[in-house]
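**Q** Sequence:
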Amino acid sequence: MPIFNPRQQEIAQKLDPQAGKAEWMDWRWHIRHTVRDIDMFEMLLGIQFGASERRKLAETVEKFPMSITPYYLSLIDETDFSLDPVFKQSFPGVDELMIDPHDLRDPLAEDQDSPVAQITHRYPDRVLFHVSNICSMYCRHCTRKRKVGDIDSIPSRKILNEGLEYIRKTPQVRDVLLSGGDPLMLSDRTLDWLLGELRAIDHVEIIRLGTRMPVVLPYRITPQLTEVLQKYHPLYINTHFKHPRELTASSRLALAQLADAGLPLGNQSVLLAGVNDCPRIMKKLVHQLVKNRVRPYYLYQCDLSEGLSHFRTPVGKGIEIIENLIGHTSGLAVPTYVIDAPGGGGKIPVMPNYLISWSTHKVVLRNYEGVITTYKEPDSYEPIFCDRNCESCSLQLKLDDAESDPPLGISELLSDESELITLVPDSNTRLIRRNGNGDTDTD
1 MPIFNPRQQE IAQKLDPQAG KAEWMDWRWH IRHTVRDIDM FEMLLGIQFG ASERRKLAET
61 VEKFPMSITP YYLSLIDETD FSLDPVFKQS FPGVDELMID PHDLRDPLAE DQDSPVAQIT
121 HRYPDRVLFH VSNICSMYCR HCTRKRKVGD IDSIPSRKIL NEGLEYIRKT PQVRDVLLSG
181 GDPLMLSDRT LDWLLGELRA IDHVEIIRLG TRMPVVLPYR ITPQLTEVLQ KYHPLYINTH
241 FKHPRELTAS SRLALAQLAD AGLPLGNQSV LLAGVNDCPR IMKKLVHQLV KNRVRPYYLY
301 QCDLSEGLSH FRTPVGKGIE IIENLIGHTS GLAVPTYVID APGGGGKIPV MPNYLISWST
361 HKVVLRNYEG VITTYKEPDS YEPIFCDRNC ESCSLQLKLD DAESDPPLGI SELLSDESEL
421 ITLVPDSNTR LIRRNGNGDT DTD
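Residue numbers are given in my numbering: position 94 of the sequence shown equals residue 94, and the series is strictly consecutive.
Take these hints with a grain of salt, some might be off.
Stated by the list, open to error - Pair ranges (Cβ atoms, derived):
| no. | residue 1 | residue 2 | range |
| --- | --- | --- | --- |
| 1 | S52 | A259 | 44 to 52 angstroms |
| 2 | S52 | I372 | 53 to 61 angstroms |
| 3 | F81 | D202 | 47 to 55 angstroms |
| 4 | Q172 | E227 | 29 to 37 angstroms |
| 5 | K63 | P314 | 40 to 48 angstroms |
| 6 | L423 | S359 | 22 to 30 angstroms |
| 7 | V315 | K284 | 17 to 25 angstroms |
| 8 | P314 | D175 | 27 to 35 angstroms |
| 9 | R105 | S427 | 19 to 27 angstroms |
Read the hints as simulated data drawn from the structure, not as lab findings. Please read all numbers here as calculations on a predicted model, not as lab measurements. Beta carbons are placed, not taken as given, at the ideal position from N, Cα and C, and that holds for glycine.
Just need the whole structure built from these sequences, with the hints factored in.
**A** This is how it looks when you write it as structure tokens:
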């Protein structure tokens, strides 16, 4: 599809009779002309909803607002829109009003893991920094639907400074992920200031930025923006392509600008029923991504956010898709399939099982073809006993700044220095009954 085709020209001029290619390629023009109501949507695409459906759609928009960039709207095939993957991701559906009993307002418990405004600190060495509460488009499957349409959409510098101060005072944070909303809704000047403040913190090693702009508004990727971003290496960009149809000429050009600026690119897809729950679709997507210098990073199981039950697939569908990728295409093109655990447990990889069995001397494995093979374990292995005393270890680390974090969770059970032999939930009724006082300590 050309960067400015007749269909896009028609949509542009319906929105603004004076609009031409220059306006269409101006990302701010798209923000000013974002489609937010059903009447405008029908007028632009020549679609007419029935009166009953329209009433239900209006109820949906009242609860979960609509916002579609003219660019992304132009990708919808109006002749078969009800099955169109772009339509399903961008236009509200009446199914969003069906709140499943297991749906959660904040499924990932981000608010509970927020030590200060705009910061989620869940993992030991990294934080999520919410620098914007708005996006150029409201994705219908958004895990943060609770925040969609917030009035105070862009945090003030005062609030952003609170997040920066937390990072400055927390030396274990080596990785900061800018998220939102969409960080690229900030101006170039604000991004320049924010990235500069982060890069000035000695213990912040890398900065990551999550954005869907290359998908829904690729014109935001300007030479001026890339000039700002490339000042702050190492800076990683993760975007969110979910269907091959989204990789248009405009999107490919945006990705090329970022890659040419030396910015490593990754992609996070969400597995969505009726959109991309097909091994062939996903294989085409990952092939197109790597062709455009984007590394498939995660394939997410759809979260338990309110109103998303119609988008969720069984976990088995995700396993099937990964099974059709591993061995069938380059390892570079295979994302990690994860479930972001409800309640704030973090991302849990869920992959096909290739380990069949093992004994003292052999491991039995199977490959993607179903071939069963063995791997011979070493007859003599001299284990290194690790008491975390690196000075006396025979292995050569010799890195003055090498970190030695205490083991946590499963790693603590595996640690030679730990005396812990069991992890027990606080609510274990058997041990509460045994101890009689609610103490579940097994030592």
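**Q** Next, verify each hint and record whether it holds.
**A** Hints and how they fare:
no., hint, result
1, S52 / A259: 44 to 52 angstroms, "holds, 48 angstroms"
2, S52 / I372: 53 to 61 angstroms, "holds, 57 angstroms"
3, F81 / D202: 47 to 55 angstroms, "holds, 52 angstroms"
4, Q172 / E227: 29 to 37 angstroms, "holds, 32 angstroms"
5, K63 / P314: 40 to 48 angstroms, "violated, 27 angstroms"
6, L423 / S359: 22 to 30 angstroms, "holds, 27 angstroms"
7, V315 / K284: 17 to 25 angstroms, "holds, 22 angstroms"
8, P314 / D175: 27 to 35 angstroms, "holds, 32 angstroms"
9, R105 / S427: 19 to 27 angstroms, "holds, 23 angstroms"
Of the numbered hints listed earlier, the single one contradicted by the structure is hint 5.
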